[in-house]
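K.L.:
With chain A held as given, fit chain B with the ligands onto it using these hints.
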Amino acid sequence: MSSINTPLTGEDATKSMSTRETIHSYPRFLWKALGVATDGSWLFYGWMTLLTAIALVGANAWAVQVRDGMVLTNMSDHVSWGLYIANFTFCVGLAAGGVMMVIPAYLYDDEEMHHLVIIGEAVAIAAILMSTLSVVVDLGRPDRFWHLMPIIGKFNWPMSMLTWDIIVLNGYLVINVHIVGYLLYMQYLGKRPNPWWYVPFVFLSILWAISIHTVTAFLYCGLGGRPFWNTALLAPRFLASAFVSGPAFILIVLRAIRMTSDWKWSPRPARTLIQIIRISMAINLLMLVSELFTLFYTGSGHAASAKYLFFGSHGASGLVVWIWTAIGLNIAGTILFFTPAALRRGNLRILACVLCIAGIWIEKGMGLVIPGFIPSTLHEVVEYAPSLVEWKITAGIWAFGMLVLTILVKLIEAIHAKRLSPSNSHAL
Amino acid sequence: MTTNPATHLPVLDNQPNSRRGFMKACGATLGLAAWATALKPLTEWAADMNVDEFLQKHYRELKPDEKQAIFRRLEADCKAEHGVDVKIADPQPNDGVQFAYALNLSICIGCRKCAEACSIENNHDRKTNNSYIRVFEMEMGGIDFEKGDATYDHPVPQPDKFYMPVQCQQCENAPCVKACPIEATWQEKDGIVVVDYNWCIGCRYCEAACPYHARRFNWEKPTIPAEEINPNQGYLSNRIRPQGVMEKCTFCLHRTREGRMPACLEACPTGARVFGNILDPQSEIRWVIENKRTFVLKEELGTKPRFYYFFDE
Ligand code: SF4
Ligand code: SF4
Chain A
25 MSSINTPLTG EDATKSMSTR ETIHSYPRFL WKALGVATDG SWLFYGWMTL
75 LTAIALVGAN AWAVQVRDGM VLTNMSDHVS WGLYIANFTF CVGLAAGGVM
125 MVIPAYLYDD EEMHHLVIIG EAVAIAAILM STLSVVVDLG RPDRFWHLMP
175 IIGKFNWPMS MLTWDIIVLN GYLVINVHIV GYLLYMQYLG KRPNPWWYVP
225 FVFLSILWAI SIHTVTAFLY CGLGGRPFWN TALLAPRFLA SAFVSGPAFI
275 LIVLRAIRMT SDWKWSPRPA RTLIQIIRIS MAINLLMLVS ELFTLFYTGS
325 GHAASAKYLF FGSHGASGLV VWIWTAIGLN IAGTILFFTP AALRRGNLRI
375 LACVLCIAGI WIEKGMGLVI PGFIPSTLHE VVEYAPSLVE WKITAGIWAF
425 GMLVLTILVK LIEAIHAKRL SPSNSHAL
Chain B
58 MTTNPATHLP VLDNQPNSRR GFMKACGATL GLAAWATALK PLTEWAADMN
108 VDEFLQKHYR ELKPDEKQAI FRRLEADCKA EHGVDVKIAD PQPNDGVQFA
158 YALNLSICIG CRKCAEACSI ENNHDRKTNN SYIRVFEMEM GGIDFEKGDA
208 TYDHPVPQPD KFYMPVQCQQ CENAPCVKAC PIEATWQEKD GIVVVDYNWC
258 IGCRYCEAAC PYHARRFNWE KPTIPAEEIN PNQGYLSNRI RPQGVMEKCT
308 FCLHRTREGR MPACLEACPT GARVFGNILD PQSEIRWVIE NKRTFVLKEE
358 LGTKPRFYYF FDE
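Protein chains in written order, with the working numbering: chain A, 25 to 452; chain B, 58 to 370.
One chain only, chain A, in its complex shape (with noise of 0.2 Å):
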């Protein structure tokens, strides 16, 4: 990485580090790192303090239905799965997504990359850990979460399809947790890093990312019973949006720093983002075409969800509204992103993030969860739509996800600026 082969301040006094002394002042990092996560100007504390309300919020109200039960839910024995799955499939393609600056820096050796790499990594390791609080808010009963430990649980591996999700995430967010450890840790020291301690594991991390969606797909697409989501197309398209959502949102946390920090970087790597995004859109939206062609025009079993999801049957239309404003916002987005403004930095760049974000939260969570449901496997038309403690839960989910991102950028900033390293004992 070219970041770490430029010699920095403290090189000299750390080049003769014995692996032990390396070792062993690793609690100093951890030490110095709280200092500096715990530090900065009023609108961080702003910004924090926003995000700890929230997560507080969501906390309460998820201690509430576990005391209460899942009643507080809108779910029922006919949409048995909600917002939180939703949520859930939306954030394994988010964490997916984030290798996406993986993918050219190490495959096509883009220098510039290399610098912000990092970075989606830690868009990464925020994602899985929202993604996996969404399921264990699904849980109706957390306390039995031992249950599911391999060993000293039961664990129904290879049979059930949700084993192998958990042991690919959890996989996914071990790798990445080293990487960016490692990394970090080198960076900090003002050592070179070792490419056998971390090169092997980011082409595995690409390889991961692939499968941690993948197999999220399979989750939906093995059940018989469930026509909607029996579709092959399920796993490429599940790809194909999160190549747009995660460097979108890498793309506004880049934004967050450059206006937060000094640090300064060419414009060349949001381009290739933006190259991802819109071959990636274009193609995700293909899909969906293809995808209504033979719904609609072959007609299946699978119709009835289909039709349910985009015009509404029965008399009951709950869903139109949110796929037809995800499908307008998709389709905005994409516009935006297709215009040259976007190859600039600008706001108009930012609002495609945030319009094409949007509109595939809405597409893989609530339009492609619950359609699921609608109508039941005996054909009965139930609707759903989340209650308030879902909404609390799911936004605590989320301020808890960036508070960790907001956590691990603001390390890598202040050890990108040389505020942390060994001999600077203060974090200003």
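Each hint can be trusted.
Result set (DSS-like, lysine-lysine): computed pairs, CA atoms no more than 27 Å apart in a straight line:
{"hint": "1", "chain 1": "B", "residue 1": "Lys204", "chain 2": "A", "residue 2": "Lys331"}
{"hint": "2", "chain 1": "B", "residue 1": "Lys235", "chain 2": "B", "residue 2": "Lys361"}
{"hint": "3", "chain 1": "A", "residue 1": "Lys442", "chain 2": "B", "residue 2": "Lys81"}
{"hint": "4", "chain 1": "B", "residue 1": "Lys278", "chain 2": "A", "residue 2": "Lys416"}
{"hint": "5", "chain 1": "B", "residue 1": "Lys246", "chain 2": "B", "residue 2": "Lys361"}
{"hint": "6", "chain 1": "A", "residue 1": "Lys331", "chain 2": "B", "residue 2": "Lys355"}
{"hint": "7", "chain 1": "A", "residue 1": "Lys416", "chain 2": "B", "residue 2": "Lys97"}
{"hint": "8", "chain 1": "B", "residue 1": "Lys204", "chain 2": "B", "residue 2": "Lys170"}
In silico negatives: residues of chain B with every beta carbon more than 12 Å from chain A:
{"hint": "9", "residue": "Leu131"}
{"hint": "10", "residue": "Pro148"}
{"hint": "11", "residue": "Asn151"}
{"hint": "12", "residue": "Glu173"}
{"hint": "13", "residue": "Arg183"}
{"hint": "14", "residue": "Gly198"}
{"hint": "15", "residue": "Ala283"}
By construction, these hints were calculated from the structure, which means they are not laboratory data. By construction, the Cβ of each residue, glycine as well, lies at the ideal position given by its N, Cα and C atoms.
P.N.:
Showing chain B with the ligands alone in chain A's frame:
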């Protein structure tokens, strides 16, 4: 600023005793207090849980004496909570028995007596009028659930309609069993698919997997008036379920494994229901399957239901 870190106490930071360090410490304390308050409902919920229950192993790993201890504990819990003496038994599958069910659609009149009996027998939540059976009013001429209606509210039977009760099909190749990430639901030797209510984590993946809308989730603690509690309970079947777990029809295994008939069959006024051991050549169920043109629901899914439907020719 370049102060020597060693001269300062490491309070959250290697900073001098600045105002900021103090503020941080205050912030951290306040933050912790806020989290404790937000999560307080959890302690109220944990109050009526005990360690034994929390650490209980999977049903199939329990030794006989451990099982007995659990059954006695559940009985005591029920006594304490509802003031009712119940008996929790655990009848095992019998060798040489494979249960199957058949339903004669030509004579079912859609009275929902079976659904009602199920509710009472299985200690279902009374607030929601829960039952493992849903009866569909169907249009003559085919099995088309799209034209079916499970919420009809008029005198039955209606002309030009037929009635189709649906409950767990006890699939031989059960998608719900495959889906469960923790083996909280499995198929017993006699073909009945059961749930260990003390092991299920309530993820509802099995409910999404079931093609017959056969599973029910305990969205809250079931409520049953004490005088309506059925005291003859099975650990894997009709005992009162805890909040937040999955439940399903068990062909009344606490009755049928002891030679009785399921509650829904006994309640049926028309005799539309036939139940028995398919391995017994003398059984009525065997006769129906051999002599009637039976069919199963959604055969194309390969679930191999043990629940058959037929019309009189
Ligand atoms: S009908 Fe549903 S619950 Fe019953 S065994 Fe089949 S899949 Fe499982
Ligand atoms: S709800 Fe319970 S029985 Fe169903 S899949 Fe989840 S853990 Fe298994």
